[in-house]
Amino acid sequence: QQQVKQSPQSLIVQKGGISIINCAYENTAFDYFPWYQQFPGKGPALLIAIRPDVSEKKEGRFTISFNKSAKQFSLHIMDSQPGDSATYFCAASIRGDGQNFVFGPGTRLSVLP
Amino acid sequence: DGGITQSPKYLFRKEGQNVTLSCEQNLNHDAMYWYRQDPGQGLRLIYYSQIVNDFQKGDIAEGYSVSREKKESFPLTVTSAQKNPTAFYLCASSTGGGSYGYTFGSGTRLTVV
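Chains as they are written, first to last, in my numbering: chain A, 778 to 890; chain B, 5 to 117.
Be careful, since some hints might not be right.
[To be verified] In silico DSSO-like links for lysine-lysine, alpha-carbon gap of 27 Å or less:
#: 1; chain 1: A; residue 1: Lys845; chain 2: A; residue 2: Lys782
#: 2; chain 1: B; residue 1: Lys61; chain 2: B; residue 2: Lys74
#: 3; chain 1: A; residue 1: Lys834; chain 2: A; residue 2: Lys819
#: 4; chain 1: B; residue 1: Lys87; chain 2: A; residue 2: Lys819
#: 5; chain 1: B; residue 1: Lys87; chain 2: B; residue 2: Lys18
#: 6; chain 1: B; residue 1: Lys61; chain 2: A; residue 2: Lys782
#: 7; chain 1: B; residue 1: Lys13; chain 2: A; residue 2: Lys792
#: 8; chain 1: A; residue 1: Lys845; chain 2: A; residue 2: Lys834
#: 9; chain 1: B; residue 1: Lys74; chain 2: A; residue 2: Lys819
#: 10; chain 1: B; residue 1: Lys75; chain 2: B; residue 2: Lys13
#: 11; chain 1: A; residue 1: Lys848; chain 2: A; residue 2: Lys834
#: 12; chain 1: A; residue 1: Lys819; chain 2: B; residue 2: Lys18
#: 13; chain 1: B; residue 1: Lys61; chain 2: A; residue 2: Lys819
#: 14; chain 1: A; residue 1: Lys782; chain 2: A; residue 2: Lys834
#: 15; chain 1: B; residue 1: Lys61; chain 2: B; residue 2: Lys13
#: 16; chain 1: A; residue 1: Lys819; chain 2: B; residue 2: Lys75
#: 17; chain 1: B; residue 1: Lys87; chain 2: B; residue 2: Lys61
#: 18; chain 1: A; residue 1: Lys792; chain 2: A; residue 2: Lys848
#: 19; chain 1: A; residue 1: Lys835; chain 2: A; residue 2: Lys845
#: 20; chain 1: A; residue 1: Lys848; chain 2: A; residue 2: Lys835
#: 21; chain 1: B; residue 1: Lys18; chain 2: B; residue 2: Lys61
[To be verified] A few chain A residues that face chain B, going by a derived Cβ cut-off under 10 Å, partial list only:
#: 22; residue: Gly794
#: 23; residue: Ile797
#: 24; residue: Pro821
#: 25; residue: Leu823
#: 26; residue: Ser832
#: 27; residue: Phe866
#: 28; residue: Ala868
#: 29; residue: Phe880
#: 30; residue: Gly881
#: 31; residue: Arg885
Quick caveat, the hints were computed from the structure, so don't treat them as lab data.
Quick caveat, the model's predicted, so the values are computed rather than measured.
A virtual CB, placed ideally from N, CA and C, is assigned to each residue, including glycine.
Model the full assembly from the supplied sequences, consistent with the hints where possible.
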């Protein structure tokens with residue numbers, strides 16, 4: 778119930794291509810869905826987030842698509858660049874509940890020059 | 005600049021030793037968290053605190069202890085009871101309630117020698 782599933786585990790994309798990472802959840806009480814980007818040896822940094830009252834949010838080259846009925850959300854990175862190479866984590870949380878901030882297992886993205 | 009400072013960046017522990025990882029934030033955040041990250045895996049919650057002088061166990065609290073005597077500080081002690089402490093430890097903070105995302109520190113890599 779508390780898990781967030783994430784796929785693929787790793788992803789290799791050519792420069793300029795589109796990177797797509799998918800996540801799925803079970804707990805319908807989740808009401809906040811952020812994505813984090815982590816470079817090696819660093820802490821994760823908030824990239825973009827969405828709430829379930831919208832189906833899509835775009836910030837620059839990064840877009841979250843959210844499907845409430847399917848309980849799925851995905852991150853799309855347009856025009857992927859080598860500098861985007863990092864590990865990406867999706868997460869889900871319940872407002873007002875500090876323990877229920879659940880992370881997916883992560884996707885290691887490599888963008889080839 | 006506001007942020008979270010974790011120290012030390014690298015820490016080596018001998019068998020049977022207790023070690024303490026420091027986490028300080030100047031973001032005026034109420035909630036603070038400790039996560040453990042193992043290679044190729046997601047983040048697992050060790051302890052969290054939503055208010056000074058109060059904290060709760062996360063999913064993997066055994067072998068760890070924390071204190072929250074000041075709003076700015078949330079140190080983590082890895083005790084000798086933690087049988088497999090080698091990992092990357094991340095401290096995070098938020099305004100509370102889990103609804104605004106986390107700010108992470110840069111992490112401490114702990115190695116047992």
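Hint check:
no.: 1; hint: A/Lys845 x A/Lys782; in the structure: 15 Å, holds
no.: 2; hint: B/Lys61 x B/Lys74; in the structure: 18 Å, holds
no.: 3; hint: A/Lys834 x A/Lys819; in the structure: 26 Å, holds
no.: 4; hint: B/Lys87 x A/Lys819; in the structure: 25 Å, holds
no.: 5; hint: B/Lys87 x B/Lys18; in the structure: 12 Å, holds
no.: 6; hint: B/Lys61 x A/Lys782; in the structure: 23 Å, holds
no.: 7; hint: B/Lys13 x A/Lys792; in the structure: 32 Å, violated
no.: 8; hint: A/Lys845 x A/Lys834; in the structure: 14 Å, holds
no.: 9; hint: B/Lys74 x A/Lys819; in the structure: 25 Å, holds
no.: 10; hint: B/Lys75 x B/Lys13; in the structure: 22 Å, holds
no.: 11; hint: A/Lys848 x A/Lys834; in the structure: 16 Å, holds
no.: 12; hint: A/Lys819 x B/Lys18; in the structure: 24 Å, holds
no.: 13; hint: B/Lys61 x A/Lys819; in the structure: 24 Å, holds
no.: 14; hint: A/Lys782 x A/Lys834; in the structure: 20 Å, holds
no.: 15; hint: B/Lys61 x B/Lys13; in the structure: 24 Å, holds
no.: 16; hint: A/Lys819 x B/Lys75; in the structure: 24 Å, holds
no.: 17; hint: B/Lys87 x B/Lys61; in the structure: 18 Å, holds
no.: 18; hint: A/Lys792 x A/Lys848; in the structure: 30 Å, violated
no.: 19; hint: A/Lys835 x A/Lys845; in the structure: 17 Å, holds
no.: 20; hint: A/Lys848 x A/Lys835; in the structure: 19 Å, holds
no.: 21; hint: B/Lys18 x B/Lys61; in the structure: 25 Å, holds
no.: 22; hint: Gly794; in the structure: 24 Å, violated
no.: 23; hint: Ile797; in the structure: 19 Å, violated
no.: 24; hint: Pro821; in the structure: 5 Å, holds
no.: 25; hint: Leu823; in the structure: 5 Å, holds
no.: 26; hint: Ser832; in the structure: 19 Å, violated
no.: 27; hint: Phe866; in the structure: 6 Å, holds
no.: 28; hint: Ala868; in the structure: 8 Å, holds
no.: 29; hint: Phe880; in the structure: 5 Å, holds
no.: 30; hint: Gly881; in the structure: 6 Å, holds
no.: 31; hint: Arg885; in the structure: 8 Å, holds
Hints 7, 18, 22, 23 and 26, counting from the list given before, are not met by this structure.
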